[in-house]
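These protein sequences, in sequence, are chains A and B. Reminder that position 23 of the first sequence reads as 23 in the UniProt record's numbering, one-by-one numbering, no gaps. Reminder that position 27 of the second sequence reads as 27 in the UniProt record's numbering, one-by-one numbering, no gaps.
Everything labelled a hint here was simulated from the structure, so no lab data went into it. Remember, predicted model here, so these are calculated numbers, not experimental data. Accuracy of the hints is not assured; some may be wrong.
[What the hints assert, rightly or not] Stretches of chain A that chain B covers, calculated by requiring three or more beta carbons in the stretch to come under 8 Å of a beta carbon on chain B:
1) 24-38
2) 57-65
3) 96-104
4) 130-142
We treat Cβ as the ideally placed atom computed from N, Cα and C, and that holds for glycine.
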Amino acid sequence: DRKSQEMTMHLQQTFNAAILTSLHPRSQIDIFVEVLQSDGGNYCASVNAATLAVIDAGIPMKDYVCACSASYLGDSPIVDINYLEESSGSPEITVAVLPKSEQIVFLEMNGRLHEDNLSKVVDMAVKGCKDVYGVLDRTVREHVSQVGSSLET
Amino acid sequence: MAAPTICVPGQRICRLEETCKQGNGTYPRNGYIYSSLAGYLHTFEDEDGKSLIEVKTQEEQNVVPSVDAIVTTRITNVNPRFCKCLILSVGKIPLREPFRGQIRKEDVRATEKDKLSLGDAHSYILSTAENELGVVIATSEAGATLEPISWCKMKCPKTMAEEFRKVAKVQPKYVQYAGT
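Just chain A, same shape as in the assembly (with noise of 0.2 Å):
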């Protein structure tokens, strides 16, 4: 369906960006996701944990991506909404960044918000992104030393 469709183009244009497919020439690169339970924030999810997949799959990236969602409630920034603040009609941005460089790949809004509001969420956004880098890093150096330490017994 229409969803899911550019659902795909986004995290496809989203990885196109951090995954270093010049290491793999004439190669197809497959990432299935499969949300099996959602309040919102589907994209964000679907980027965080294949991100993950990626690095565990050994294919080489330039830096982790991370996507977080923020909004403009009443008078302040809100981060990581959920379905309910979505379909509230208040203004949506999702932000996919990869933290150390602090680059964005990839920027979505939907409905309408107030250019002087502008910066302010989308630095939300932004900083949620990075705390989001701080769980995925710290799962990501546990599971190396691990395994690591499982091979070398």
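Here the structure of chain A is known, so what remains is to put chain B in place on it, guided by the hints.
Relative to chain A, chain B alone:
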């Protein structure tokens, strides 16, 4: 031995200098070397005194056959027009899962290399059109290992029968004896 450092993709390893070269699992950017894999950092000393910086994962490196790569294969099917094989290793690196390859009849002896494409959706296309490429190990119809006697014939030590094969002239630098 000190515990080796863990690296993750995007982690900055060191400055790109004359003395260091980046190896597998790393990429250069803005004058620095960054890691592109999650694994352990290894530094090797080269003969020139340069240090090769690599990031090694717990599995074998993800190697994929590329154009002009020398591969080791096992033939699975023989057909008058082509033979099918399984690619077991690329260069010195053994693969975890074999890839499928195809050697066409015309590509066994001599070929114009520019015509050859990398392959299609089923299998890679291979050629043995050079002196050093061809059959390395073969079994005769009697079941014994064939010994090469010329560039196109091999002899069975049991039955003394000669069979036609395109024999590879393997260069000594590629030979690794078991036990060394």
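Consistency of the hints with the structure:
{"no.": "1", "hint": "24-38", "result": "holds (count 4)"}
{"no.": "2", "hint": "57-65", "result": "holds (count 8)"}
{"no.": "3", "hint": "96-104", "result": "holds (count 4)"}
{"no.": "4", "hint": "130-142", "result": "holds (count 3)"}
Checked against the numbered hints given earlier, this structure breaks none of them.
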